[in-house]
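Fit chain V to the supplied structure of chain B, relying on the hints for placement.
Protein chains: 2
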Amino acid sequence: MSAIRIGIVGYGNLGRGVEKSIQQNPDMELVAVFTRRDPGSVQASVPVVSLQEVESYTDKVDVMILCGGSATDLPEQGPELACLFHTVDSFDTHARIPEYFEAVNSAAQASGHVSVISTGWDPGLFSLNRLLFEAALPQGVEYTFWGRGVSQGHSDAIRRVEGVKNGVQYTIPSKEAVAAVRNGEQPQLSTRDKHLRECFVVAEEGADKARIEATIKNMPNYFSDYETIVNFISEEELKANHSAMPHGGYVLRSGVTGEGTTQLMEFSLKLGSNPEFTASVLVAYARAVSKLAARGEAGARTVFDIPFGLLSPKSPEQLRKELL
Amino acid sequence: MSAIRIGIVGYGNLGRGVEKSIQQNPDMELVAVFTRRDPGSVQASVPVVSLQEVESYTDKVDVMILCGGSATDLPEQGPELACLFHTVDSFDTHARIPEYFEAVNSAAQASGHVSVISTGWDPGLFSLNRLLFEAALPQGVEYTFWGRGVSQGHSDAIRRVEGVKNGVQYTIPSKEAVAAVRNGEQPQLSTRDKHLRECFVVAEEGADKARIEATIKNMPNYFSDYETIVNFISEEELKANHSAMPHGGYVLRSGVTGEGTTQLMEFSLKLGSNPEFTASVLVAYARAVSKLAARGEAGARTVFDIPFGLLSPKSPEQLRKELL
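Keeping their order, the protein sequence lines are chains B and V. Quick note: my numbering has the first sequence finishing at residue 334, numbered continuously throughout. Quick note: my numbering has the second sequence finishing at residue 334, numbered continuously throughout.
Careful: at least some of the hints might be erroneous.
Identical copies carry no separate label here, and so any pair may be met within one copy or between two of them.
What the hints assert, rightly or not - 30 Å max Cα-Cα, derived BS3-like pairs, lysine-lysine: (1) Lys331 x Lys204; (2) Lys249 x Lys219; (3) Lys301 x Lys331; (4) Lys204 x Lys324.
Just so you know, the hints here were simulated from the structure itself, not pulled from any lab data. Small disclaimer: the values here were computed from a predicted structure and weren't measured.
Bound conformation, chain B alone (with noise of 0.2 Å):
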């Protein structure tokens, strides 16, 4: 079988994260990066592309995973790209799922295509985990804790406070909640029992520390409802030591079957690199993408959609033989 040649739409952390999963994926084959951006500006393994031309690539790419953000990127990127390719996205803004997904539905379908939506971690394998916990249990209550990890929303939140140089900023669940989900007990949670936020703040030489703090712990939405904890740091130490982009979570569900028996299902991730571990699934998904495609299936799919089956490079007889 030849590799399933892959294009990449947008080269910011999550497109450099699928170069990288494809060279761990020997059945795939990186064609081309496609940017916005002057071509000549942008450093890739394979040539990179003006998106503008995109559509020379037709006969040359099998699946397009598209990087670009959920803001304002996908919503053109998604129905467009879903005319011409096979797609993948991890469009994340949960709210607008529905209207994507009818978007990229009617063009995939009308051009003959397969895509698949908001994939990734969450949306994606926490959205699996709360479905099939609920099927599995369905009466019971389900917990989704975020972090420890890097939360970009928040740590532009911190940068706009005046005073402030450089910061960052981790969600990070409460131990005691989880304990406490994991132990049975069924809690009550309010968003300030499930994490705190811990901010590494740079400030600017002179500037008065106390009131950064009080802004930022006193910031509707982003903060005042949670327990905050600032932390003065060096520009340095926020480079050496606050650059990567770790992130993960807990799904959790707490439920009773027959006479009040206590049963417990959990799923977490412990990441490293959030962007390298969405693009990771993302690249798996394009799998299953390829396999629907050759099945001659055509739309808009989910998380929801796809057997997991699909997303091996393993064959099913193989697949029950070894990892059944």
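Same frame as chain B, now just chain V:
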């Protein structure tokens, strides 16, 4: 939509678990329990019918859930009942799954039925996670730990020792081994490193306890490769504290992406009752079977072939909106 009509074949712990689970799922209805015993000797919440009369139920049952054992019941009943009904079973003799799949597949294809084989938690949910983890992190090491839980095979082995009146054995994952894996160390673990075995033994009056303990600890295949703890207790204590059937375990994969970034995936179960949880999983897969049958599909399937969306009573639109 009318309820999915379920039949149960075999009314041991698993069959009773299915009966209870159906009461938690309003889209399902239990029609009858089928048994090889004298139906008059069995009490259930629905009519109990001789297995010999199962053919007269082909238009009364949508999905038959097979709750017999893997050693002798399912190898016969699986293919036979797949000729008459859509079926779900928990066939768990790992080495014989390929031949069992072929036998059920032939019967189901010829008669136009759908049969999900080998579901539950291992094989089943653990298998799904082994596959998912390997697809997402192709460079990595997988670890499965079982327990803390009762092993019937090892409990039986204890009870065969001379001077033993009764006994229960718990398989316990090593905390140190699980911690090392979670820590990203990718340890090489021997059999002895991964699990301990704890036995609760009721000795016959006047029996030589030192000899019983030595016999258990040195028993080949069952105990000699493990750290084994033997506790002597009274029959009353055994009944009071060791009659439940808890189980569970962990599937972990410690992998690497990019240039040495560590990534950890974990799935775990902590089950108050092994048979009740296995039954709940069988019931969710019975729902998937009824949906596949409605599409006109036929043949044997495993968990690897079933999209999670089919496990839920919710519509695809609802799932995308609520759980993605």
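Legend entry - Copy assignment of Lys301 with Lys331, given that the CA separation must stay at most 30 Å: both (21 Å within a copy, 26 Å between copies)
Legend entry - Intra/inter-copy verdict for Lys331 and Lys204 if alpha-carbon distance must be at most 30 Å: between (41 Å within a copy, 23 Å between copies)
Inset, instruction - Using 30 Å as the alpha carbon limit, work out where Lys249 and Lys219 are close: within a copy, between copies, both or neither. - result: Intra 20 Å, inter 64 Å, cutoff 30 Å: intra-copy only.
Inset, instruction - With 30 Å as the alpha-carbon cut-off, assign the pair Lys204 and Lys324 to within, between, both or neither. - result: between (40 Å within a copy, 28 Å between copies)
The structure shown violates none of the earlier numbered hints.
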